[in-house]
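Trainee: One letter stands for each residue in the lines below.
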Amino acid sequence: MVMEFFRGGADRELEQIEKTIQQMLVDCRHTFDAAINALLGGTDPDLVEKDIRKTDRRVNKAEREVRRELVVHASVRGAQADIPMVLVSMSIVKDAERIGDYAKNIFDLARAGVDFSSSESGKKLLNDRDRISRLISETARIFGDRDAEAAHEILKSEDEHLEDYDNAVLAQIESSAAANVAVPMALLYRYFKRITAHSMNILTSLVMPLDRLDYYDEDKADRW
Amino acid sequence: MSTRETRRSWNVPTWVRFLYVFGLLYLFLVGVKALESGIKSFGSDFTDTLFANVSNPVAGLFVGILATVLVQSSSVSTSTIVGLVGAGTLSIPFAVPMIMGANIGTTVTNTLASLGFLRRSTEFKRAFAGATMHDFFNILAVALFLPLELATKFLSKSAEWLAGLLGANTSIQFENPDSPIKSAVKAPVAWFESIVERFTDNENAMGIALLVLGLALIFLALAYITKNMRLVMAGRIERSMNAVLSRGGGVPAILIGLLMTVAVQSSSITTSVLVPMIAAGVLTLENGFPVTLGANIGTTVTALLASLAADRPEALVIALTHTLFNVSGLVVFYPIPAIRRIPLILAQKLASVAEVRKSAVLVYVVGGFIVVPLLGILILN
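Protein chains in written order, with my numbering: chain S, 217 to 440; chain G, 18 to 398.
Rather than coming from a laboratory, the hints here were simulated on the basis of the structure. Among the clues, some could well be false.
A few chain S residues facing chain G, derived, Cβ under 7 Å [said to hold, decoys possible]:
1. Glu229
2. Glu285
3. Val287
4. Val288
5. Ser291
6. Leu403
7. Arg406
8. Lys409
No farther apart than 20 Å at their CA atoms in a straight line, the calculated lysine to any residue pairs in the SDA-like style are these [stated by the list, open to error]:
9. Lys244/G / Lys235/S
10. Lys277/S / Ala260/G
11. Lys244/G / Ala297/S
12. Lys244/G / Asp298/S
13. Lys277/S / Lys244/G
14. Lys235/S / Ala260/G
15. Lys277/S / Leu262/G
Every residue gets a Cβ at the ideal spot worked out from N, C-alpha and C, and that includes glycine.
Please work from the sequences and hints to get the whole structure.
Mentor: Shown next, in the form of C-alpha cells:
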C-alpha cells in the first residue's frame, strides 16, 4: 500500500477511472452474451449462472470503486479537481451498471424457464442480440478512444431502434399470444430498449454538454 | 465542449516545480536565520521580558495553541519556536509546552474544513468526528505527556541524547561551527542587514526588520511549498488514498499519512483531505485515524528542517522533542484497540452533540481554540 505513494508516472487517476468504466462495459457485454444465449441460443442456464452472477458482482464492485475514487479525486484535488469529469463519470458509471443489471434480468427470464430458441420471432431476436452485443462492445471502444464522430454515428443509428423496441412492446400488449410468451417477450424488448438507451447515455458524454447528458433526443440541434 | 473533453491547463514540468520548491526551502531556512538574528538584535533584556510571560508551562501551551490558530500553520509556529530556541532566547523547558500547543492548534484547520458540511446533518456528523479525532488525540497526548515531561523531562532528555548522536552537543557552550547549509543561509541575511544599516544604526529597528523578514519568509515559503507540492504530489496522494480505502488502515496508512505530510509540508492538508471522504462515508474513522497519526509525525519534519539553519544545537533538540512527542503519542494510543478507540469515541460524542446543537460547534471552535487559550494566557500571567 505504501508503495502506491512512490509509484511514478503522470497524474492519470481519471484515466484509470475511465478504464474501469470501460472494463465494466466489457463485463456487461459478457453477461449480455451469456444471458441472451441462455434465452435464445439454447444454452443451459445452469451452465452460465455462476459466471453471470460472478461478473455481475464484479461490475457492482467496480461501480462502488469508481464512486469512491471520484470522491477521493474531488477531496484531494479540491479546486483543481476536474468537476465536470467527476459528475459525468458518476452518471455514466450508473449507466454501465444498469446495462449489467438488464443483462442479468434477461438471464432471469431464462432462469424462469423462458426459451425463445424456437420462437417465431427468432431471426429478428437474433439480429437484435447481435446488434446490442455489438453496441455494448462499440460503446466501450468509442468511450475509451473518445471518438466523438463514431459516437454521433452510433447515436444516430440506435435512435431509430429505440422506437422499434417500443413498438415491439406495444405489439406484445396487443397480441393474443399466451401470457407466458407475450409477457417475457415484452420484458425482453423492454430490456433491449433500456440497454440501448443506457449505452447511448454513455456515448452522449462524448458529444453533449454536461447539463444535457442523457437528453440527446430532446433537442433537434443535438441531432446530427 | 462535450463533457469528455479534458480541461486543458498550463502544466509546469515536475522537475521545474521541484527546483522551485528547493528554492523555497532555501528561503524558508533564510527566514529562520533572519528570525534568529532579529531576536538576537533585541538583546537579552527584551527577550527575558518577552518570555517571562511564558514561564508557566500551561501558559506556554496556550501560546502555542493561539499562535498556531492565528497563523493557521503548525509548521510556521514550530519553525518560529525552533528559530527562537536556536537564537538562545527561548529555553527548551519553555519551548516544549509551546510545541505541544502548536500540535493542538493545528487541528483547527480541518475542523474548519468540516464546517463545509454544516447544512447536511449526517455528513456533518461524520466530517466533524473525522476532524476532531485529531483534536482529541492531541489533547489526550498533551494531557498525558506534558505532566510527564515536566516531572521527568523524558522527551527533552531523549531528544538531547538523539541530538548528541547526530553530532549536536548541547553541553558545549559555544555555537556550532557553520555547516554548508548555515553558511549558505547566513549570506542573504548578512546582505539584508547591510542594507538596513544604510538607513539606521538602531539595533531595535534592525531587530524588527529582521523579524518581519524572517516571519514573512517562513510564512510565504511554507505556503508556496505546500501549494506546489500539493500539485506535484496530487496523483500520488490520490493513489495512496485509494489504497487506504480499498485495503483499510493500519501501519501502512500511518506511513501514507506521514509521507503525504512530509511531501506537502502540512499536516492540515493531509487531515483536511480526509474530511470530505469521511463525510461522504467512503472512509471510516477507524481507517482515517492512522493517516492522521502519520500526519502528526510528518509535520515535525518542518521543525527539523528549520533546525538546520539554527546556530545552537538546542534547536535540533526542540525539533526532535516535537518528533518524539508525536511518536510517543502514536505508541501509546495506537497499538491497543481499546485505547485507540478513546479519541474516536470522544470525537463521535462531540459530533453527536454538534449535529443536534450547531451552537456547540461555535463554542468548541471559538471557545476551545481562541477564548480559552487567550484567557489562560491572561490569567496565568
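Trainee: Hints the structure violates: just list their numbers, smallest first.
Mentor: Hints 6, 7, 8, 9, 13 are the ones this structure does not satisfy, whereas the remaining hints hold.
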